[in-house]
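Put chain U on the given structure of chain L with help from the hints.
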Amino acid sequence: MSAGRLHFVVGRLAQVFPVLAALLLIVVLLQQMMPGDPARVIAGPRATAEQVVQVRHELGLDRPIFEQFGRHVSNLLQGDLGTSNRTGIPITTIVGDRIGVTVWLLFGGLLVSTLLAMPAALLMALRPRSRGARICSRALTIIINCPPFWVGLMLASVLALGTGWLPVGGFGVDFGDRVRSMILPSLTIGLAVMPLLARSAAASLSQVLTADHVTTARSLGVSGWPLVRRHLLRNALPPAITLLAIQAAALLFGAVIVEQTFGLPGLGAEMITAASQRDFPVVQALTLIFGLAIIGINLLADLAVALLDPRTTWR
Amino acid sequence: MTVSPPASGPDVVVKSRASRAKHWTRSAAAWLLALTILAAVFAPLLAPADPGQLTLNQLQPPSADHLLGTDALGRDVLSRLLFALRTDLMLMVFAAGLPMLIGTLIGAVAAYFGGVLDAALRWVADIFQALPVYVLLIALVFVLGPGTQSLLVAFSVLGWVVYARLIRTEVRRVREQEYVSASYLLGLSRTAVLFKHVLPNSLRQSFVYLATDMGMALQGIAVLSFFGLGVKAGTPELGAMVSEAQLYLRSHWWLATFPGITIVILGSSVAALGDRLRDRGEVGR
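Just so you know, the protein sequences line up as chains L and U, in that order. Numbering-wise (UniProt numbering), the first sequence opens with residue 1 and increments by one. Numbering-wise (UniProt numbering), the second sequence opens with residue 1 and increments by one.
Just so you know, these hints were derived from the structure itself, not from any lab. Note that beta-carbon positions come from the ideal geometry of N, C-alpha and C, so glycine has one too. Among the hints, a few may not be true.
What the hints assert, rightly or not - Now the in silico label distances, taken between C-beta atoms and shown as ranges:
#, chain 1, residue 1, chain 2, residue 2, range
1, L, Gln-78, U, Tyr-184, 55 to 65 Å
2, L, Phe-66, U, Phe-207, 53 to 63 Å
3, L, Leu-166, U, Ser-251, 31 to 41 Å
4, L, Gln-78, U, Gly-52, 50 to 60 Å
5, L, Gln-78, U, Ser-251, 47 to 57 Å
6, U, Ala-192, L, Thr-216, 51 to 61 Å
7, U, Gly-147, L, Pro-64, 29 to 39 Å
8, L, Pro-90, U, Tyr-248, 34 to 44 Å
9, L, Pro-310, U, Leu-105, 35 to 45 Å
10, L, Leu-20, U, Ala-192, 41 to 51 Å
11, L, Arg-40, U, Gly-114, 41 to 51 Å
12, L, Pro-64, U, Ser-251, 33 to 43 Å
13, U, Gly-115, L, Phe-66, 26 to 36 Å
One chain only, chain U, in its complex shape:
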C-alpha cells in the first residue's frame, strides 16, 4: 500500500511488432480477468457441489466426479475453488475500493479548499507514509478478530492515505485549468465545480494505482487467511485453501497448487490491466 506505481519505460506510439505483441498479451490478461470474474459471479451455477458439504470421500485424487479431487474433509475442491474466487474477488475489490473512496473524498476536499485542512492532511499523510503499514495490518486485523468486516476496516484505515496524496496532487493541478475558472464564471458553486469538473478529471492516477492496490490487497487477504487471521475458519478462500493443504503437500500436491495458481492469475491479470491504463494515460498526455 505504500508502494507507488513504478515508472514505465518508453511507450507505445509507433505500432511495431513488439508493441502488437504487448497488446496481445494484455488482451490475454483482459480475457483471463473476464473469465475469472465470470467464474466468480456464476460460481453457484458452475460449482458441481456445495463447497461446504462434508463427505466421507476424503483426499480423493482428481476424477470424473471431482475434477480437482476432494480435500481432507471430503469437500469438492473445484467447488471450493470457485467459491473462494468469489470471496477473494469481492474482498479484493472492497479492500482497495473503500480506501480509494475515503482517501479520494478526504484528499479532494482538503486540496480543493486548501488552508488548514490541506496542511493537516499533509501532516497526517507524512506520518502515515513513515509507518510500517504491513505490520500494522497484522496487528489491526488481530485486535479486530478474524472476519470480512475487520479485514475491510483494517485495509481502509491503513490504505486511504496513498489515495488522498494522489488526488491532492491532481486536484491542485486541475484546479488551475481554464475550464475550471470558466465554470466559476458560469456561476457554479465551489462544491459543484469540485464534484462535477475537478474530481472527475483528477481520477486517472488513482485508478492506475487502484489496480496495483487490488493486487496487493489480494496478497494481503490471502496471506492473513493463510495464517488464520483473515476470513473466518471454513470460509472458502484461496489463501486458507493453501493453508489447509499444507499437511498433504507430499501426497496431494495439487491441493496446494491450484489455489496458488488462481491467486497468481487473478493478481497478474489485474496488474496487467493497470499497466495498460497507465500507458494509455501517458500516450494521451
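The shape of chain L in the complex, shown without the other chains:
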C-alpha cells in the first residue's frame, strides 16, 4: 500500500472518533431535551413518585451531564442498551429478534434499486440527448417525490388486496413465505432509493465517458457492451460505492417507513412503535444503532474506495 493510501486509511479511521462522540452526546442529550422530567417519562405513566425518584437515581439522572455521558458509554461497552419501559425486555434481546428482518429488507431493497437504476443510468449517460433519457429523467423526478408509505399502500392494494397473490403484511414463518412477504416491501424501498442511485450513477458514468482512455478505446473501434463492461463500469465503481454509502442513510430511513407500512417486525417498525408509545429507552438505543450502522457503512465505503483506487490520498 502506498504512503498516500496508508495516510488516507489512518486519517479516515481517526475521523470516526469525533463523529462517534457527537452521536453519543446527542443520544444522551435527547434525554435532556424532552419536555418535562425524563425520569417521569422513562418510568412510564403509571409510576408512583417513589418509583420516579428510584428511576432517576438508577439512571444517574441526578448526576452531572458529563458523568451521565461516561456512564452511558461504559454501559454500551459492556453491551448493555437498557430495557424497554413498556415491556421490561432488555433492548439487546429486542434488537437480536428484529435485526434479521431489517437485514432481509435492506438486501431486497438494494437488489431492486440496483436492477431498476442501472438501465436508467446507462441510458442517461450513453444517450443523454435522446428522447428516452429525457423521459427517464423526468420520471425519476416524479418517482423521487412519491412518498414510500403511500407507494407501499398503493402496491399492496393493487397487487395484494386486488389479486390475493401476495401477503399484505407480516413476515412469514418458512423461507418461501418470507421471500413472498419481502416482495412488496423490497419493491417499495427499491423504488424509493432508485432515483438517487440512478442519477448518481449516471453522473459518474458520464464523467468516466469523457475520460481520455475511453476516447482512445473508442478510436480503436471498441464500442457497445464491451466498451461499457471493460472500460466504463470498472472506473465508475469507486464513485458508485461512495454514492451507495451516501444512500445508505436513505435506505435505512426507507426501511423504517416500509417496515411499519407492511407490518414487518424489524428494527425500524420497532422504533416507530416505541416512539408512538413514548418508550424512550428503545428510541434512544435504536437511534444509536442506526447511527452506528450509517457511520460504519460510510467508513467501509471510503476504505473500499481507497483499496480500489490507487490514486486515493488524504484530502
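Chain U in isolation, oriented as in the chain L frame:
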C-alpha cells in the same frame, strides 16, 4: 437533507425540439405549482365545507355534494385536502426556509471573517455530515412531541449545515472578485460589503438546493405525520390523511389515493422548478 443536488447533463444552449419540449414540461410544472399554491392560499374560500366538521355521512363515495366523498368521521374529503395542502405547503416552506436562513447567516459570517470561526464551522459541518440525519429527525421530533413547532425546530437543527457549507464555498469565491475589493476602496465597512455585495451574489446554489430540500421536507413532514409523530392529531395534513385512510384501502381506495397524488404533484413541481433554476445558472456561467 444530506443529499447534494445531482449534477445535470449537458445543457440547453441550442433551442432544439427536445429543449423546447423540456421547456414546455417545466412550465407545466410551474403552472401546477402556481395552481397548488393558489388552492392552498384560497382554501377557506374554495372548500365546500368546514374540514373539521364531523357528520353522520361517513365514508360516502364521491357525489355532487361531496366531490371526493367523506372520510370515516364524515368529514368532507375535498375540504380536508385543500386545508391539508395549506398545512403542508406552509410547513414545507418553513422547514426548508428556516434552516436556509440560519445556515446562510452562520456560513456567510464564518467564511467571510475566516479564522477560528471558519475552522469551527468546518469541524462541526464535517461531524454533522457524518451523522444519520433522518434517524435523528425521528428521535428529535419524538422528544419534542408532535406539533408544527417541534417539526420546524427539528428540521432547523438538522438542516442548517448543508446551507452553511454551500454558502461557505460561494462566499470564499465571491470574496475574491474585483467588485468586492472595489467596494472596500469606496469606503464600505466589512459588514456592509458582506451583506450588500458578497451575500446576494453567493445565494444561487443555496436556492437551487432549497428546491430539493423543500421536496425532502415535504416527504419528511408527510411521513412523520403518517406515523402520528408529525402534526397534532386532527390537523388536516396529507400524510395523516393517507394514514387515516389505511383501514379502508379495500373498499374506499380513493381516500388514500388523492392525498398521495397531491404530495407527488406538489413535490415534483417544486423539484422541476429547482432543475430549471439550476440549468439557467449553468447557462449563465
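Going through the hints against the structure:
1. Gln-78/L <-> Tyr-184/U: 55 to 65 Å: At 59 Å between Cβs, range holds.
2. Phe-66/L <-> Phe-207/U: 53 to 63 Å: Violated, at about 42 Å.
3. Leu-166/L <-> Ser-251/U: 31 to 41 Å: At 20 Å between Cβs, range violated.
4. Gln-78/L <-> Gly-52/U: 50 to 60 Å: 51 Å, holds
5. Gln-78/L <-> Ser-251/U: 47 to 57 Å: 52 Å, holds
6. Ala-192/U <-> Thr-216/L: 51 to 61 Å: 54 Å, holds
7. Gly-147/U <-> Pro-64/L: 29 to 39 Å: 31 Å, holds
8. Pro-90/L <-> Tyr-248/U: 34 to 44 Å: 38 Å, holds
9. Pro-310/L <-> Leu-105/U: 35 to 45 Å: Taking Cβ atoms as reference, Pro-310/L and Leu-105/U lie about 42 Å apart, which means the hint holds.
10. Leu-20/L <-> Ala-192/U: 41 to 51 Å: Roughly 42 Å apart at Cβ, these two residues keep to the hinted range, so it holds.
11. Arg-40/L <-> Gly-114/U: 41 to 51 Å: 47 Å, holds
12. Pro-64/L <-> Ser-251/U: 33 to 43 Å: 57 Å Cβ-Cβ, so the 33 to 43 Å window is violated.
13. Gly-115/U <-> Phe-66/L: 26 to 36 Å: 29 Å, holds
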